[in-house]
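> Using the sequences provided together with the hints, build the complete structure.
In the order they appear, the protein sequences are chains A and B. If you're matching positions, the first sequence starts at 1 in the numbering used here and goes up one per residue. If you're matching positions, the second sequence starts at 1 in the numbering used here and goes up one per residue.
A few of these clues could be false.
[What the hints assert, rightly or not] Here's a subset of chain A near chain B, in silico, CB distances under 8 Å, partners left out:
1) 138
2) 181
3) 201
4) 220
[Claimed, not checked] Here are the simulated lysine-lysine pairs, DSS-like style, with alpha carbons at most 30 Å apart:
5) A:204 - B:87
6) B:74 - B:92
7) A:219 - B:219
8) A:199 - B:170
9) A:87 - A:170
10) B:58 - B:46
11) A:204 - A:92
12) B:204 - A:204
13) B:144 - A:204
14) A:87 - A:58
15) A:74 - B:74
16) B:46 - B:199
17) A:87 - B:199
18) B:87 - A:199
19) A:204 - B:94
20) B:46 - A:144
21) A:94 - B:204
22) B:204 - A:144
23) B:144 - B:64
24) A:105 - B:219
25) A:46 - B:74
26) A:144 - B:199
27) A:204 - B:105
28) B:144 - A:46
29) B:204 - A:87
30) B:46 - A:74
31) B:144 - A:199
32) B:105 - A:219
33) A:170 - A:219
34) A:204 - B:219
35) A:46 - A:199
36) A:170 - B:204
37) B:46 - A:46
38) B:204 - A:105
39) B:199 - A:170
40) A:92 - A:170
In short, the hints are calculated from the structure, not lab data. A quick note: this is a predicted structure, and the numbers were derived from the prediction, not measured. Don't be surprised by glycine CBs; every beta carbon is placed ideally from N, CA and C.
2 protein chains.
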Amino acid sequence: MNSVETFTHPEPSNGGGNGAANRAVDWENPRVAAILSAAATCFARKGFSATTLAEIGKELGLRKSIVHYYFASKNALIHEVQSFTQKRYLEKVKGSLSSSDGGTKQRMMSALDSLWGSLQDNRTMVGLNIEVWAAARRDPELRKRAATLQHDARALIAEGVADVLEIDAKDFPPMEALSVLILAVLNGLAVAQELEGEKDAKAKEAYQTFLYLLRLGMKAMETPAQKS
Amino acid sequence: MNSVETFTHPEPSNGGGNGAANRAVDWENPRVAAILSAAATCFARKGFSATTLAEIGKELGLRKSIVHYYFASKNALIHEVQSFTQKRYLEKVKGSLSSSDGGTKQRMMSALDSLWGSLQDNRTMVGLNIEVWAAARRDPELRKRAATLQHDARALIAEGVADVLEIDAKDFPPMEALSVLILAVLNGLAVAQELEGEKDAKAKEAYQTFLYLLRLGMKAMETPAQKS
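This is how it looks when you write it as structure tokens:
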């Protein structure tokens, strides 16, 4: 990491499409990653306004000044922690995808299972997302970043689905709407689980219903040749 | 409805299992309704912690003491405003439903269109919901109430769908999962719209895609007799 860049862009995770172009916060730095991870835990637990930089440091046995050295302000940390958490989630999804095999429908379903399973393993991210949605309503910068991250996640879903279906996402107009829908289902069911608890929310059953409907949709899309 | 029942359950929408048995707040009182409506606007605009009872009163030209007369605390108001707002939303949906006509599939689609359309007309409720989801993560009482409201909304969706399909919801196990899914789609798309704005979120297109998948699901459910 070059120090001038660090200095001039203390937290620029909001570049172009995915904003990583002129990133200065170095996620590869183990201490930065540890601070971001601890911040995610604290923010998800207590919300943004009730969490202090000192508390985040305390989680790691670090003084506040050290947290401050890497992140100029709590806002800088709030903005960064979202991208960091989402990126880790998507990496996990990608990891479990690479091992999937089988026919088109099977791979599609296994991709969607991964999205779901990884979400279940990342309750901190779910909590953090809900905090961000609320805070973004009063913080235009946070909202812009959250919108970019939503957009990135959707693009990745569309890409993954197109890849599995062996089509070009650009040639298939419903793909964008479909990826918006998939992300909405994941977010909406995550909210239900947070509010009602895993058992009462019946979120898993609802997701299975969604996958069933998607299978019907894929079947309807098939050409006669594919069907035989 | 007999009057004893009316007396012991002043708010029937809060009946079974949701702790409203000893409700005292009278939604029929115009002043109470006005306070709840103003509170919804203020909470959705600034969030719970930044809103004071005095500000809510100010919206109506009332002194804080008058708001206090009806609601012992801000918390009491927060808890009540959710149920009030959701009930008004569901009434709107029911109103637009009663006018729908046509075959089973048509009525189902028109019911789902109403759910969506009324949500678009109730951005205050959407904002309020997001605030509640975040606050509920740290307030067990709020969470319990939010869970109950989610549960009520789902039950109402299941009932509506069963009614349209002319089946008994209890005899059709996927109904519960389906209603969880429908509510999740509405909530998830509302979040996307809040973050990305109506145009960028492509929420309407995503909802249309969902309705298309549901139509396929209904078609798959049809008996040969219905198909002919």
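> Would the pair residue 144 (chain A) and residue 199 (chain B) pass a check requiring their Cα atoms to be no farther apart than 30 Å?
It holds: about 14 Å lies between the C-alpha atoms, which stays within 30 Å.
> Quick one, are residue 170 (chain A) and residue 204 (chain B) close enough, alpha carbons at most 30 Å?
This hinted pair holds, its Cα atoms lying about 19 Å apart.
> Is residue 87 (chain A) close enough to residue 170 (chain A), meaning Cα to Cα at most 30 Å?
Holds, at about 24 Å.
> Close enough to count: is the Cβ of residue 181 (chain A) nearer than 8 Å to one in chain B?
With a closest approach of 4 Å, the residue 181 (chain A) hint holds.
> Is residue 204 (chain B) close enough to residue 105 (chain A), meaning Cα to Cα at most 30 Å?
holds (26 Å)
> Compare the distance between the alpha carbons of residue 204 (chain A) and residue 219 (chain B) with 30 Å, and conclude whether the hinted pair is satisfied.
OK: residue 204 (chain A) and residue 219 (chain B) at ~23 Å, within 30 Å.
> Given the proposed pairing of residue 170 (chain A) with residue 219 (chain A), does the C-alpha separation stay at or below 30 Å?
holds (20 Å)
> Would the pair residue 204 (chain A) and residue 87 (chain B) pass a check requiring their Cα atoms to be no farther apart than 30 Å?
Roughly 27 Å separates the two Cα atoms, so the pair holds.
> Assess, step by step, whether the Cα of residue 204 (chain A) is no farther than 30 Å from the Cα of residue 94 (chain B), and give holds or violated.
Distance ~28 Å between residue 204 (chain A) and residue 94 (chain B) Cα, so the pair holds.
> When you check the alpha-carbon spacing of residue 46 (chain B) and residue 144 (chain A), does it fall within 30 Å?
holds (18 Å)
> Holds or violated: residue 87 (chain B) and residue 199 (chain A), Cα atoms, limit 30 Å.
holds (25 Å)
> Next pair to validate is residue 199 (chain A) with residue 170 (chain B); report whether the Cα-Cα distance is within 30 Å.
OK: residue 199 (chain A) and residue 170 (chain B) at ~19 Å, within 30 Å.
Checked against the numbered hints given earlier, this structure breaks none of them.
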